[in-house]
Structure formats: C-alpha cells, structure tokens
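With our numbering as the guide, the letters of the sequence shown map in order to residues 1 to 186.
Just so you know, the hints here were simulated from the structure itself, not pulled from any lab data. No false leads were mixed into what you were given.
Simulated pairs of lysine to aspartate or glutamate, EDC-like, Cα-Cα distance not exceeding 16 angstroms:
1) Lys107 with Glu136
2) Lys167 with Glu125
3) Lys159 with Glu136
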Amino acid sequence: MATATSSLFSLSSLSASLPSPSRAPASLSLRAISPQARLSTSYAAFPIGGFGAWASTGRRRGLEVVCAAEPPKTGRQPDSVKKRERQNDRHRIRNHARKAEMRTRMKKVFRALEKLRKKADAQPEEIIEIEKMISEAYKAIDKTVKVGAMHRNTGDHRKSRLARRKKAIEILRGWYVPNAEPTAAA
Numbered sequence: 001m002a003t004a005t006s007s008l009f010s011l012s013s014l015s016a017s018l019p020s021p022s023r024a025p026a027s028l029s030l031r032a033i034s035p036q037a038r039l040s041t042s043y044a045a046f047p048i049g050g051f052g053a054w055a056s057t058g059r060r061r062g063l064e065v066v067c068a069a070e071p072p073k074t075g076r077q078p079d080s081v082k083k084r085e086r087q088n089d090r091h092r093i094r095n096h097a098r099k100a101e102m103r104t105r106m107k108k109v110f111r112a113l114e115k116l117r118k119k120a121d122a123q124p125e126e127i128i129e130i131e132k133m134i135s136e137a138y139k140a141i142d143k144t145v146k147v148g149a150m151h152r153n154t155g156d157h158r159k160s161r162l163a164r165r166k167k168a169i170e171i172l173r174g175w176y177v178p179n180a181e182p183t184a185a186a
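All chains should be modelled from the sequences, with the hints used to inform the complete structure.
And the structure:
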C-alpha cells in the first residue's frame, strides 16, 4: 500500500467529515491513479445495505479509490490563456488582411473580364494582362489556404470560378473553341 502525498488522500480519511456514508459530496472528484499510488478504503462503492452488509460476511470487498485535491479557483487566468488570447488576436488580424487581399485581387480580375466582355473591339492580346492578374489572385488564394485562414476546397472553388469566367469570355470572343480537335504534331 502506497502512502498519500499532500494532494492525495484516501476516501476513508474523509468518512468522518461526510454527512452520510451513502453518498460523497458533489464537489469531490474521484479518479484512478496508478496501482502503486492507490490507497485502500475502509468501504467501497457505498453498498445499498450500508456497512452491515459486509459485516456479516467477515470480509470486505470493494474498490480502491483515490481522491485528488483540485487547486482552489482564484478567478485569475493562467498566463497560457492570456498568451493564447494575444495569439488569437494577432492571427485574426493577419487572416483578415490575407482574405481582404484575396478578395480585392479577385474583384480586379472580375472587373477586367467584365470590361473586356463589354468592349466592342477587343483583341486576343488583351487577355494576357488579365492572365497576369489571375496569376496574382491565385497566389493570394494559395497563401490564404496555406496559412489555414481558408479551407483548401474553398480556395479551389474560387480559383475555378476565376478560370471559368476567363474561359467564358474567350469562348464569347471566339478566341477559344471547346471540343476542338487538337492538331497532332508528328
């Protein structure tokens, strides 16, 4: 049988202070500790018939229970909680900036594509500038996903949206023909 430390004590040592042996106080937390540190109790699991049920058999059976004393609640937050709050604030601000940059770049691409769609005398070379803007938007989206500010499926969805809009303009202008036979270079 192991001896109790200052933070561990046996349930039997509390039996005198308990109002009734039939139940433990609600604030008492019971947990099992390693077999080397267990302390034996004078009664276990509080039988329905009371202590007399064991007295007739001449032997005691039961569980060994160890109580761990919890530290008192002081109302102060530990330093780790304060640090986590500071980190959360920093990360929220950074993530918001990343998302704002990503949305701005996407809007620029959409505006340029809309302008190209409405332009009467558009040339195929004009799409090159928009492709550079799309590349920058992809980069912003990938950064946002990489740091965890946005789910990767959402990032893929947004990149796909940019690509579909560009392809729709190319099809409208006749610069791209879907289902066209690729030329075989032999």
